[in-house]
Structure formats: C-alpha cells, structure tokens
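Asker: Take a look at the letters that make up each chain.
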Amino acid sequence: MAAGLQARSRTAFDTPEEMRKAYRQFDLVVAVILFFLFVGLYHITAMLTIGDWDFWADWKDRRWWITVTPTLLIAMPAAAQYIFWGKFRLPFAATLLTLCLVSGEWLVRVANFQGWAYFPIDFVWPATLIPSGIALDCVLMLTGSYVMTAIIGGGIWSFLFYPTNWVMLARYMQPTNMHGFLMSLADVMGYQFVRTGTPEYLRYIDRGTLRSFGEDPIYISIFFAMFACMVIYIVFVGVGYLFTKSQFSWMKRI
Amino acid sequence: MHSKRLVWKSSAIGASALSFIVALSMAAALVPGTAAAHGERAEPPFLRMSTIQWYDTHWSSTRVKVNEEMTITGRFHVVKNWSFAIAAPDLAFMNVDVPGPVMLRMASTIDGVNGAASTPLELGRDYEYSIVLRGRIPGRYHIHPMLNVRDAGPLLGPGDWVTVDGDAAAFTDPITTLTGEKLDLAHYGMSTVVSWHVLWGLMAVGWLLYWIAKPLLMPRYEAIQHGESESLVTSTDRIVGVAFLGATILLVVFGAMVTRVWYPVTIPLQSTWLRIPPLPKQPDTITMTPDRVVYYIPGRTVEFWVKVTNNGTKPVRLGEFTTAAVRFLNSSLRQPEPDYPPELIAPAGLVVEPNEPIQPGETKALHILASSPIWETDRLALLIADPTSRMGGLFMFFDSDNNRSLVEFDSEIMPTFVQPPAPATTAS
Chain A
1 MAAGLQARSR TAFDTPEEMR KAYRQFDLVV AVILFFLFVG LYHITAMLTI
51 GDWDFWADWK DRRWWITVTP TLLIAMPAAA QYIFWGKFRL PFAATLLTLC
101 LVSGEWLVRV ANFQGWAYFP IDFVWPATLI PSGIALDCVL MLTGSYVMTA
151 IIGGGIWSFL FYPTNWVMLA RYMQPTNMHG FLMSLADVMG YQFVRTGTPE
201 YLRYIDRGTL RSFGEDPIYI SIFFAMFACM VIYIVFVGVG YLFTKSQFSW
251 MKRI
Chain B
255 MHSKRLVWKS SAIGASALSF IVALSMAAAL VPGTAAAHGE RAEPPFLRMS
305 TIQWYDTHWS STRVKVNEEM TITGRFHVVK NWSFAIAAPD LAFMNVDVPG
355 PVMLRMASTI DGVNGAASTP LELGRDYEYS IVLRGRIPGR YHIHPMLNVR
405 DAGPLLGPGD WVTVDGDAAA FTDPITTLTG EKLDLAHYGM STVVSWHVLW
455 GLMAVGWLLY WIAKPLLMPR YEAIQHGESE SLVTSTDRIV GVAFLGATIL
505 LVVFGAMVTR VWYPVTIPLQ STWLRIPPLP KQPDTITMTP DRVVYYIPGR
555 TVEFWVKVTN NGTKPVRLGE FTTAAVRFLN SSLRQPEPDY PPELIAPAGL
605 VVEPNEPIQP GETKALHILA SSPIWETDRL ALLIADPTSR MGGLFMFFDS
655 DNNRSLVEFD SEIMPTFVQP PAPATTAS
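Sequence lines, in order, name chains A and B.
Oh and the first sequence: position 209 is 209 in the working numbering, straight run, nothing missing.
Oh and the second sequence: position 190 is 444 in the working numbering, straight run, nothing missing.
Hints are not guaranteed to be accurate.
As the list claims (entries may be wrong) - Straight-line C-alpha distance at most 20 Å; calculated PhoX-like pairs for lysine-lysine:
1. K245(A) <-> K21(A)
2. K568(B) <-> K21(A)
3. K561(B) <-> K618(B)
4. K334(B) <-> K618(B)
5. K618(B) <-> K568(B)
6. K468(B) <-> K87(A)
Calculated directly from the structure, the hints in this document are not laboratory data.
It should be emphasised that the depicted structure is a prediction, and the values quoted were computed from it without experimental measurement.
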C-alpha cells in the first residue's frame, strides 16, 4: 500500500534532462501531426473557396483572384495565430500554414493535375502566400497586438499577394494572335489544354463594373482585399479564442 | 472450451474478411477495366434527343502521331422544341470531349468564326463546326464534339476512337508572341515558377527553424501559465523578425520591379462572348405531321405513323433518321460512310412504307420503322423511364439530285411491351 502511494506521488521524469527530452519528443509528434493536418485542412479550404482561380493560369485575373485569394485564406492563419501566439508565444502560425498550403498544392498539382489528368504543370502551378504569411507572423511578433496585426499585418498580407505572384505570372500575360483573337499566353493554354468541365463561359475573370477603371482594377482590388483581410482577421482571431476556450483543458491536465 | 470457440470464431471471421478482400482485389484486377468513353450513354435520352442533333460528323483521321493534327467537322441542329427540363442555350461553348488534354485543341470554329469564345445559339437553327486537334499523349481515346450549354451542361456528339502514336516527350507547342518572341508552351515558365517557390519555401523553413530550434510547446505553455510570457520573445527574436519582414518585402518589391523590366508588354486575361449567326435557313419544303409514335421495347423498334407533305419542286424520298447521334439509314437510298463509327449506325435500320418518292405538292402517309439494337445498347430505351415521354430527331429527305432537306421531328411516344408486328403487314 505504502509502495503504491509512493509510486503515484513520483513525477514521470527523474531528471530535467529527461523532461526536456520528453517535451522535445512531444514537440516532434505534434509538429508532424500538425503539418499533415494543416496541409489537409488549409488545402481543402483553398480548393473549396478559391478553386479554379488558383488551379489554372488563365483564371489568375486582376480582380477576382487577387481579391478572393488573400481575403478567404487569411481566416485560418488568423485563428491559428491566436492559438500559437496566445498559448505559446510562437509567431509562426501563418508561415507554417502557408507553407503547408503550398506543399499540399504542389502535391496535388503534380500527382493529380499532371499525373492523372495530363495537364502540364506550367499551366496549373499554384500561387504562393508564403511572403504574406511571414509578414503576418513578423508583424504579430513585433507589435504583440491582434488589432495592430489586423490593421498592419492584414493589409500587408493582401498587399504582397499580387506582386509576389506577378513575378511568376507576368510571362503568361504576353500577348499573341490566336486565329484573329488577341489572347494572352495563359488564355491560349486554357484554350488548347482542353477542360471538358470548365467551358470558357465559366471562367469568371475581370467581370463587373470595375472594368471601367481601365488599368486601375488591380489597385482597387488590392486595397479592397486589404480592408477585407483586416475584418476577416479580427473575426477569425475570435474563432481562435473560442477554440482555445473549449479545447485547451487537456493540455492543462498534461 | 469456451475461449477456444471464441478464438476459432475470430479466426474464421478474420479469414473470411481476408478472403473477401483478396477476392475483391482479384476481381478488380481481372475484370477488364477499360473506360469505354465519356458516359454519353449515361446521359438521359431527352438530353440527347431534345437538345442538339449532330449530323455530318467526320473525323479526318483516327490515327495521328504526336504533334500531328486531325480535324473533326460537322453540323448540329439546335432543336426547336428544346426540352423544358433544362436551360435554353443562351450561351454555349464549342468544346471537345477528350480524356484530359491528351490532344490539344489548336483551333475551333462555329460557322467559320473562331470558337474560342462562347456564343448564344438560336433554337431551330443549324451551325457548322470544326475542331482541330493535335496529338500529345500516346494512347487510344474516344473523341466527341461537345457543346457546353450554360446551366444545362455538356451535350455530347457522336464519338469515335482516335489513336495517338509516338513519344509524348517529343510533343511541342510552338507559339509566337506579338513582340516576336518564339516560345514552346509545352514547356514554358516552369524554371521561374519553381525558383520562386523554392526561394519562398526556404524563407518559410528558415523562419520556422529559427523558432523550432527553441523549446516549443510545453515549456512555453508553462511559462505563459506562470505569467512569464515576456521572457519568451527576446530582443534577438525581434531583430530577426525585422530582418525577415524587411527581406520579404524587399524581395517582393525587387521581384516585381525586375519582372516589369523583363516583361514590359503584358495584357489582361481575355474573355468575351460572341453572337455567331447560324447557317442560312433552309426553305421549309417538307412538312411532317406525326400521327402516332410507338416504341416496341422487345423488338427494339420505334414505329412512326406520319403525314409528309412535299412543298418543293422535286420528288423526295426519306433516306435517314438521326437522333442522339445514332443514325438509321434507308438502305435503298443511303449507305453508311466507311469512316463513321459502326456502333452508331443501323445501316438498314430505317424501313419506309411506301418506300416511294413523294411528289411535289403531294401529302403522303408514311409508316416508318427505325429498328436496331442500338436503342438498347445506346440506352435510348431508357426513354420509357423519362418523366417526359417525347422523342425528337431529324428526318432527312433526298431528291433525285441528292439535295437534302432536314425536318425536325418531335412527338409523344408510347411504349409497347409486346412483340412488334411484322414490318410488311402494317398498312400505311
């Protein structure tokens, strides 16, 4: 009986070194699980919300792609930042998520789009949000404030998206004459590489009254997305707060 | 004893499960798994009979090498009595049904106009199309012309098997930009895309490693629980953060500026809708009034009783009935083209009584039998399961100079579940 009580009162670790080692192993297990979890979750979110705008080079337009992508994809980093920063003071949630997203996207584009469906990878390459993620994390770490991160970080998150990807996209926007039609190279690829389920009229690009602004829709779209990102960021920080309220009791028990 | 029985039971369940999995795997491996086509036979009959009628379809070749081109040409009739069940063709796109981009669409036209844009279609009118395809991935593919109709979906034309021979690695897709640069779209832009992705990936990994190298979850969580959160982010961390933030912004700005210099001439993505006029309307020299249409299911025969009036100047005879890309020929007048898919033709499937010319000004009652197992094999027999028991198609009449008159047909159809009568015994 006494021996049993003695055993129960002992800690799991005999030395601080053992404890550090166990914590490190715990970190490793959690890191591996989180990586695959984030790859799946964030990638599914992107596919279901951004979808075609990110799948194809001829959907990456000046209005919808640059508005929809950063606006919808800031939600999960915002919630994750609240958890990682609020509970661990770790400012890498957005970077980790954007890296996971792009990893999942490359996996699917190469294995599925190219391997199974024969689309050339130079037509279906994914956009990247990694610079936006790094910036969002850095702003949170430097300001230590969710509100400031929403205003400054949310703005930078959206602002960086277009120029980050323009370096890859620009060469696809060179003009050519396709049987009497002016087309960009991306348009030509979209026409030539047949998509039976995505006819031309489904391509939702550059539609709406913003076209009347001529060249300016890019800047208007970016600024609109910046404001939208600020709002979405704050909302999803709230989601992160609600998540931690209900889900972190197990960690305290550990 | 009892535990032995339990062990035996669980072993038996395990063995059964294993056997089932092995049997399933063997069945999957042994049963021929070739996907025959694009599921065109799965489309309900009304989608194929009461929307678009394809005719004169021609494949210039059914065997091409990688980089060689072939052309599909033909015409389609937009049914006047368009099925009320789906959206009207206010906007349609001339597409081609291939299993992925194994062949590239190099050009397409509708009535000679570039088919890269979508267009509304007029009910009751005819259009001519062409699609130029180029071999890319070797294999044997079922290729259809296809119209995508907004809010209605894909409407498939007849399909034929096309073989692509050669080496996929030899495929090229040359193009010249308006600035005179010659490119190969088959292998274009990837070095830049991959380089930037690798660069940003390294930046992300660098930032993550910087933090992962520190004690992570439990120690930091404990520190925050004990109110020591300030100690978790050091001044070094802040300096590193500023460096990463600055480097990121600088790289993005630098990349955008360099890109502007390298690609000074760019245009936005292009998208437009056209209004392509249909082919000139044919004079309505033939009128056809349905009296009764019956589908004899056991005999795979559709029987028409119709009245036909010839308002033209020459005698005409009924030579062909086509619906859902399936053709029934009056063998006394029409022979199947050797290059048309045989599974879509009933060479002597059209029996016309009386099989005589209809004189100018004459109205004649015709009894027509369209007989073929195709009704069953092409799953058009499912018509009886359709909530709208109507059938449509195109009748083709020919005069002595082989001039063709098309008559769109639409009628109620009544299924009969008894044996069909002998064709010759029915009076006209």
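Asker: Compare the structure with the hints numbered earlier in the document and write down the numbers of the violated ones, lowest to highest.
Answerer: Those not satisfied are hints 1, 2 and 4.
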